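Engineer: Sequence:
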Amino acid sequence: MAANSAGSTMAANSAATTMHGTYATGETLASEEPDEEEIQSQEVESQEQEVQCSPTDTLTMTTTVYEKWEEAKKCYNKYAKKVGFSIKIGSSKKKEKDGETDLVVLVCNRIGKNKEEKGDGPVVKQRKRNKTEKTGCTARLIVNKRNDGKWHITKFNEDHNHPLCDKFDLKKFLRSQRGIPDEEKRFVETTSRSECFNAVLKRYVNLQMSILNFVRQYMKIQEKIYCDQEENEFTSDQKVPSVLFSGYPIEEQACKFYTRKIYYKFQLELKLSTSYKITEVSGSTYTLTPTKGYVFGYGMGDYMVFADVGAKIYTCECSKMKRDGILCCHILKIMTQEYIEEIPAEYLLRRWSNEAGMILTDLAQN
455 MAANSAGSTM AANSAATTMH GTYATGETLA SEEPDEEEIQ SQEVESQEQE
505 VQCSPTDTLT MTTTVYEKWE EAKKCYNKYA KKVGFSIKIG SSKKKEKDGE
555 TDLVVLVCNR IGKNKEEKGD GPVVKQRKRN KTEKTGCTAR LIVNKRNDGK
605 WHITKFNEDH NHPLCDKFDL KKFLRSQRGI PDEEKRFVET TSRSECFNAV
655 LKRYVNLQMS ILNFVRQYMK IQEKIYCDQE ENEFTSDQKV PSVLFSGYPI
705 EEQACKFYTR KIYYKFQLEL KLSTSYKITE VSGSTYTLTP TKGYVFGYGM
755 GDYMVFADVG AKIYTCECSK MKRDGILCCH ILKIMTQEYI EEIPAEYLLR
805 RWSNEAGMIL TDLAQN
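Taking this note's numbering, the leading residue of the sequence shown gets 455, the next gets one more, and so forth.
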């Protein structure tokens with residue numbers, strides 16, 4: 455009996471040590487149960503761990519360092535999706551010496567106050583639009599570039615004064631969470647190219663055609679494509695537009711770089727840029743508003759543009775650069791306003807260049 459009692463006591467001590475740490479000799483282990491306050495604190499800690507960032511893809515507020523501020527923005531956006539709010543660039547600061555950005559403030563999109571609607575003036579028919587309600591939210595993340603050339607998180611405020619989106623299925627509709635993943639984007643592009651070529655084939659072939667006739671028709675299609683490419687190459691190489699739209703250096707650069715068809719699209723965007731007026735929001739953030747109410751291809755809405763001239767970074771809400779591969783009229787408006795003489799190389803895609811057309815023609819002939 456004594457041996458059994460000693461064995462059970464040792465087992466209880468071992469279990470208690472495993473669960474709660476080492477206890478002093480003589481404590482009654484059978485009654486050691488966590489109270490309500492301890493349970494609540496554990497629940498809070500578990501919830502914070504669910505929201506808090508891991509070192510791989512989320513935020514660590516005190517020690518996280520980033521090579522670029524865009525990485526911090528991407529990480530903060532992942533955190534925002536978990537919590538249930540949308541983010542945007544609130545402001546930025548540049549150095550006086552070289553004009554490079556050294557501070558970026560990322561804020562909740564409910565920052566600020568709602569604009570007061572003007573009751574005076576004629577009634578103009580406009581498209582019905584939903585607006586984000588501003589509540590003066592102070593949640594933000596500030597990243598600062600230090601002497602080591604890296605971006606450090608200097609301030610993080612996670613307090614919101616508005617309801618958060620707690621349903622997982624609805625978080626994809628948050629403004630900063632909208633978009634197509636890179637793998638899906640590549641799939642869409644591949645499918646689009648396939649469907650375009652299928653549409654071309656249907657003009658020349660049908661189901662009743664023999665294999666020999668199919669090959670002959672296919673050779674005709676190839677010959678027609680080569681002729682069109684050579685004609686475009688000759689036009690771009692030997693001829694220039696009779697009149698440029700403006701005297702801006704960026705238009706001359708685009709005329710020399712792009713093929714003729716792409717240049718005319720660029721020229722149209724440059725013309726549309728004259729239909730907007732610029733309002734500086736803060737730092738490198740601007741709002742572009744139509745001067746006459748409606749702009750062809752873009753409607754009547756305002757567009758937000760982030761333009762860091764020193765770092766040569768330009769982004770726009772319309773996402774035309776990501777979608778079509780050429781700069782939109784909103785970014786071109788900022789460039790002409792700031793007297794930018796040269797378009798950065800990363801915004802001139804090689805696939806639209808004269809050089810790419812020559813390479814494709816040579817490969818086809820070989």
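Because the hints were derived from the structure by calculation, they are not lab data.
Computed from a predicted model, the values in this text were never measured in an experiment.
Any given hint could be a false lead.
Unchecked claim - As a list, the in silico SDA-like pairs of lysine to any residue whose alpha-carbon atoms are at most 25 angstroms apart:
hint : residue 1 : residue 2
1    : K639      : Y752
2    : K710      : T790
3    : K639      : K551
4    : K528      : K551
5    : K532      : T608
6    : K528      : K719
7    : K522      : K639
8    : K746      : Y718
9    : K569      : T739
10   : K585      : V735
11   : K569      : K719
12   : K549      : K609
13   : K527      : S630
14   : K609      : Y680
15   : K719      : V735
16   : K776      : Y680
17   : K535      : K746
18   : K535      : G566
19   : K551      : G737
20   : K674      : F699
21   : K535      : F622
22   : K522      : G544
23   : K766      : L803
24   : K719      : F668
25   : K710      : D756
26   : K535      : I565
27   : K567      : F760
28   : K604      : P798
29   : K585      : R564
30   : K719      : M663
31   : K639      : L802
32   : K731      : K609
33   : K656      : S630
34   : K567      : P798
Engineer: Now, for every hint given, state plainly whether the structure supports it.
Structural biologist: These are the hints, each one checked on the structure:
Restraint check for K639 and Y752: the C-alpha separation of about 22 angstroms stays at or below 25 angstroms, so the hint holds. With a C-alpha separation of about 18 angstroms, the suggested pair K710 and T790 falls inside the 25 angstroms cut-off, and the hint holds. For the proposed pair K639 and K551, the alpha carbon gap of about 40 angstroms is over 25 angstroms, so the pair is violated. For the proposed pair K528 and K551, the alpha carbon gap of about 28 angstroms is over 25 angstroms, so the pair is violated.
Between K532 and T608 the CA atoms are separated by roughly 19 angstroms; this keeps the pair inside 25 angstroms, and the hint holds. This hinted pair does not check out: K528 and K719 have alpha carbons roughly 31 angstroms apart, beyond 25 angstroms. For the hint pairing K522 with K639, the CA-to-CA distance comes to about 24 angstroms; that is within 25 angstroms, so the pair holds. Distance check on the hinted pair: K746 and Y718 sit about 23 angstroms apart at the alpha-carbon level, within 25 angstroms; holds.
Pair hint K569 plus T739 holds up; C-alpha atoms about 18 angstroms apart against a cutoff of 25 angstroms. Under the criterion of a C-alpha separation no larger than 25 angstroms, the hint pairing K585 with V735 is consistent with the structure, at around 18 angstroms. Restraint check: the Cα-Cα separation between K569 and K719 comes to about 36 angstroms, which exceeds 25 angstroms; the hinted pair is violated. Among the hinted pairs, K549 with K609 is consistent with the structure: their alpha-carbon atoms are about 20 angstroms apart, no more than 25 angstroms.
A C-alpha spacing of about 10 angstroms is found between K527 and S630, which places the hinted pair at or below 25 angstroms, so the restraint holds. This hinted pair does not check out: K609 and Y680 have alpha carbons roughly 58 angstroms apart, beyond 25 angstroms. Only pairs whose Cα atoms come within 25 angstroms are accepted, and K719 paired with V735 is rejected, the gap being roughly 29 angstroms. Between K776 and Y680 the alpha-carbon distance is near 28 angstroms, which puts this suggested pair outside the 25 angstroms criterion.
A C-alpha spacing of about 37 angstroms is found between K535 and K746, which places the hinted pair above 25 angstroms, so the restraint is violated. Taking the CA atoms of K535 and G566, the gap is near 21 angstroms; set against the 25 angstroms cutoff, the hint holds. Between the alpha carbons of K551 and G737 the distance comes to roughly 16 angstroms, so the proposed pair stays at or under 25 angstroms and holds. With a C-alpha separation of about 38 angstroms, the suggested pairing of K674 with F699 is violated against the 25 angstroms cut-off.
Between K535 and F622 the CA atoms are separated by roughly 9 angstroms; this keeps the pair inside 25 angstroms, and the hint holds. Taking the CA atoms of K522 and G544, the gap is about 17 angstroms. The hint holds against a cut of 25 angstroms. Distance restraint check for K766 and L803: the Cα-Cα separation of roughly 16 angstroms lies within the 25 angstroms cut-off, and the hinted pair is therefore satisfied. About 35 angstroms separates the Cα atoms of K719 and F668, which puts this hinted pair outside 25 angstroms; it is violated.
Our distance criterion of 25 angstroms between C-alpha atoms is broken by K710 and D756, whose separation comes to about 32 angstroms. Proposed proximity of K535 and I565 is supported: the alpha carbons are some 17 angstroms apart, at most 25 angstroms. Restraint check: the Cα-Cα separation between K567 and F760 comes to about 21 angstroms, which is no more than 25 angstroms; the hinted pair holds. A C-alpha spacing of about 23 angstroms is found between K604 and P798, which places the hinted pair at or below 25 angstroms, so the restraint holds.
Of the supplied pair hints, the one linking K585 and R564 holds, its CA atoms being roughly 11 angstroms apart against a limit of 25 angstroms. Taken as a hint, the K719 and M663 pair is broken in the structure, with Cα atoms around 39 angstroms apart against an allowance of 25 angstroms. A C-alpha spacing of about 20 angstroms is found between K639 and L802, which places the hinted pair at or below 25 angstroms, so the restraint holds. Restraint check: the Cα-Cα separation between K731 and K609 comes to about 34 angstroms, which exceeds 25 angstroms; the hinted pair is violated.
Under the criterion of a C-alpha separation no larger than 25 angstroms, the hint pairing K656 with S630 is inconsistent with the structure, at around 41 angstroms. Annotation: proposed proximity of K567 to P798 is violated, straight-line Cα distance about 36 angstroms (limit 25 angstroms).
Comparing the model with each earlier hint shows violations of hints 3, 4, 6, 11, 14, 15, 16, 17, 20, 24, 25, 30, 32, 33 and 34; every other hint is respected.
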